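**Q** Fit chain U to the given chain E structure using the hints.
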Amino acid sequence: MKNPESSLDELLHTGYRYALSLSHNPTTAEDLLQDAWVAVLKAKGAPPTKAYLFSAIRSRFFNLYKRERLLSVVSLEDADYSDLPEVTYSSGDFDFEMLGKALSMLKATERELLFLSAVEGYTAQEISALTSLPRGTVLSLIYRSKIKIKRYVYEMNRGVLP
Amino acid sequence: MSNDSVEKHVNKYYMVQHLNSSVATRLKSISESSVEDETPVVPLARWPWKKIGIASSFLLLVMIVTQVLYTTYSYHDALVMRIVQEVELNHKKQFKSDFVSTDIQALAVAMNKLEFKLKLPTQMKNTGYQVTGARYCSIQGEIAAQLKLREDTGAVATLYVTKLNNQFIAIPQQSQVRDELSIELWQEAGLFYSLVRVAE
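First to last, the sequence lines map onto chains E and U. Counting in our numbering, the first sequence runs from 717 upward without gaps. Counting in our numbering, the second sequence runs from 21 upward without gaps.
FYI, nobody ran anything at the bench for these hints, they're computed from the structure. Please read these numbers as outputs of a predicted model, since none were measured by experiment. For every residue, glycine included, the Cβ atom is placed at its ideal position computed from N, Cα and C. One or more of the hints may lead you astray.
[What the hints assert, rightly or not] Calculated cross-link-like contacts (lysine-lysine; reagent style DSBU-like; alpha-carbon spacing at most 30 Å): (1) Lys864/E with Lys28/U; (2) Lys760/E with Lys70/U; (3) Lys758/E with Lys71/U; (4) Lys766/E with Lys48/U; (5) Lys112/U with Lys758/E; (6) Lys758/E with Lys70/U; (7) Lys817/E with Lys864/E; (8) Lys113/U with Lys145/U; (9) Lys48/U with Lys112/U; (10) Lys766/E with Lys32/U; (11) Lys48/U with Lys71/U; (12) Lys139/U with Lys760/E; (13) Lys817/E with Lys116/U.
[Claimed, not checked] Computed, partial: chain U to chain E, Cβ under 7 Å: (14) Val26; (15) Val30; (16) Asn31; (17) Tyr34; (18) Gln37; (19) Val43; (20) Ser51; (21) Met144; (22) Lys145.
[To be verified] Over 12 Å on every C-beta distance to chain U, these chain E residues come out as not near it, computed from the model: (23) Asp725; (24) Arg776; (25) Phe812; (26) Ala824; (27) Ser844; (28) Pro850; (29) Arg851; (30) Gly852; (31) Thr853; (32) Ser861.
Next comes chain E alone, as it looks inside the complex (with noise of 0.2 Å):
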C-alpha cells in the first residue's frame, strides 16, 4: 500500500510533467500545476484523480493560450510526410539538451500526446478521450512528432542548425 504523502508527491510531479509538456517552460508548469491544484481542491474538498488534474491544467493551458487550439491537423491516411525523411543514427546523438530543443520546436499539442504516450503510457484511445481529439489525428500527430524530433537531431548533428 501506498504512503498517501508519497503518491501526493508522484501525483504532483506527474502532474507537473504533464504541464511542462504542454507549456515547456519550467515557470509556466509550475503556474499551471498550481492554479490546476487549488482549482480542484477547492471543488472536490480532496486532492484529485491524476485525470481529473490533468483535464484542469490541460483547461488552463489552453485558455491562457487558445492559438494553440488552432492547430492544424492532418488523419494519418492523408499525411504527406515526404517533408520528413526518415533518418539513421544511433541513440547516443541524442542528448538531453538537444532533445529539449527538438521538444520545443513541437507544438503544445504534439509534445502533450507525445508524452502521454511515451511517459504516461497512455493508448491513443485514452488520449483521444483525455484530450477529445479523434484516434486517427492522436496517432498521426505522434508520429508526425517522432520524425521531427529525429530530423531535428539529425541535423543538429550535421551541424546544419545553430
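**A** Positioned in the frame of chain E, the structure of chain U alone reads:
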C-alpha cells in the same frame, strides 16, 4: 534509430524533471489545509437545482396562500366595516315604519317582497325587546327587513334581518361599539342579523 527509441528518450527526458521541492511542499500544505478546514465549494453546475426548485416552489406557494388569506381577510374586514357603517347610519335616521305591528308573524306576512321568512332570532325571544314596526331596506345590496324595537328602558333599537348570502356567510359573530352604539353581527338558521342599540 527507430521511433520507439525516440519514445524512450522522451520518457527519460520527462522523468528526470521534478517539481521544485518548495513548490511541492506548498501545494501539499494547501491540500492538507483544504481537506481539514475548508468546506468544498460546489461548482454552480453541481448545485442541487432540483432541491432549490422544490424549495422555491414551496416558498412561492406559501407566498400565494399568504397573499390570498391576507386579501380574503382584508376583504372581510372591509365588508364588516361597510355593513357596520350602513346599519349604524340607518339606525340614526330613525325612519318611520312602513308596517306597524308588534306581531312578528303579521310583519312577516305583510312584507311579502322579502326573499326569506322573517323571524326573530333565538337570543331575542323572551327578552325585554318589543317589536313596534318594520320597513324594507337593503344591506350591501341585499334586500333586508329593518325592525324597530323598543327596550324596557324605552330606548329604541334596530334589528336588521337578511338572507345569508355568499358575502355574509364568511362573517363570524362579532360586536363592536361605535359612537356610543353597540353593533352586533351574527348568523342564525340561514339568516344574517345585525342589532344596533345604545351601548351599555
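**Q** All the hints need checking, so say for each whether the structure fits it.
**A** Going through the hints against the structure:
1. Straight-line distance between C-alpha atoms of Lys864/E and Lys28/U comes to about 15 Å, which keeps the hinted pair within the 30 Å bound.
2. Our distance criterion of 30 Å between C-alpha atoms is met by Lys760/E and Lys70/U, whose separation comes to about 21 Å.
3. For the given pair, Lys758/E sits about 22 Å from Lys71/U by alpha-carbon distance, which is consistent with the 30 Å threshold.
4. For a cut-off of 30 Å, the pair hint linking Lys766/E to Lys48/U stands: about 15 Å separates their Cα positions.
5. Our distance criterion of 30 Å between C-alpha atoms is broken by Lys112/U and Lys758/E, whose separation comes to about 77 Å.
6. A C-alpha spacing of about 23 Å is found between Lys758/E and Lys70/U, which places the hinted pair at or below 30 Å, so the restraint holds.
7. Restraint check: the Cα-Cα separation between Lys817/E and Lys864/E comes to about 12 Å, which is no more than 30 Å; the hinted pair holds.
8. Taking the CA atoms of Lys113/U and Lys145/U, the gap is about 26 Å. The hint holds against a cut of 30 Å.
9. For a cut-off of 30 Å, the pair hint linking Lys48/U to Lys112/U is broken: about 90 Å separates their Cα positions.
10. Note on Lys766/E and Lys32/U: the hinted pairing holds, with a Cα-Cα distance of about 20 Å set against a maximum of 30 Å.
11. Taking the CA atoms of Lys48/U and Lys71/U, the gap is near 35 Å; set against the 30 Å cutoff, the hint is violated.
12. Restraint check for Lys139/U and Lys760/E: not satisfied, since their Cα atoms lie roughly 79 Å apart, outside the 30 Å limit.
13. A C-alpha spacing of about 118 Å is found between Lys817/E and Lys116/U, which places the hinted pair above 30 Å, so the restraint is violated.
14. Interface restraint check for Val26/U: the shortest CB-CB distance to chain E comes to about 5 Å, inside 7 Å, so the restraint holds.
15. Satisfaction of the interface hint for Val30/U is found here, the shortest Cβ-Cβ separation to chain E being roughly 4 Å, below the 7 Å cut-off.
16. With a least beta-carbon distance of about 5 Å to chain E, the hint placing Asn31/U at the interface is held under the 7 Å criterion.
17. At its closest, the beta carbon of Tyr34/U sits 5 Å from a beta carbon of chain E; the interface hint therefore holds under the 7 Å criterion.
18. Nearest Cβ of chain E to the Cβ of Gln37/U: about 5 Å, under the 7 Å cut. The hint holds.
19. The interface hint given for Val43/U is met, as the beta carbon of that residue sits about 5 Å from the closest beta carbon of chain E, less than 7 Å.
20. Given hint, Ser51/U at the interface with chain E, holds; its Cβ is 5 Å from that chain's nearest Cβ, closer than 7 Å.
21. Interface restraint check: Met144/U against chain E, minimum CB-CB distance 76 Å, threshold 7 Å, status violated.
22. Violation of the interface hint for Lys145/U is found here, the shortest Cβ-Cβ separation to chain E being roughly 79 Å, above the 7 Å cut-off.
23. The beta carbon of Asp725/E is not kept farther than 12 Å from every beta carbon of chain U, the shortest such distance being approximately 6 Å.
24. The Cβ of Arg776/E lies farther than 12 Å from every Cβ of chain U, with a closest approach of about 15 Å, so its non-interface assignment holds.
25. With 12 Å as the threshold on Cβ separation, the claim that Phe812/E sits away from chain U is violated: the shortest Cβ distance comes to roughly 7 Å.
26. Distance to chain U confirms Ala824/E as a non-interface residue, since its nearest Cβ pair spans about 14 Å, more than 12 Å.
27. The beta carbon of Ser844/E is kept farther than 12 Å from every beta carbon of chain U, the shortest such distance being approximately 18 Å.
28. Interface exclusion of Pro850/E from chain U stands, the closest Cβ pair being 21 Å apart, more than 12 Å.
29. Distance to chain U confirms Arg851/E as a non-interface residue, since its nearest Cβ pair spans about 18 Å, more than 12 Å.
30. Here Gly852/E stays apart from chain U, with its beta-carbon at least about 17 Å from theirs, past the 12 Å limit.
31. The claim that Thr853/E lies off the interface holds: its Cβ sits roughly 17 Å from the closest Cβ of chain U, which is beyond the 12 Å cut-off.
32. At roughly 8 Å from the closest C-beta of chain U, the C-beta of Ser861/E falls inside 12 Å, breaking its exclusion from the interface.
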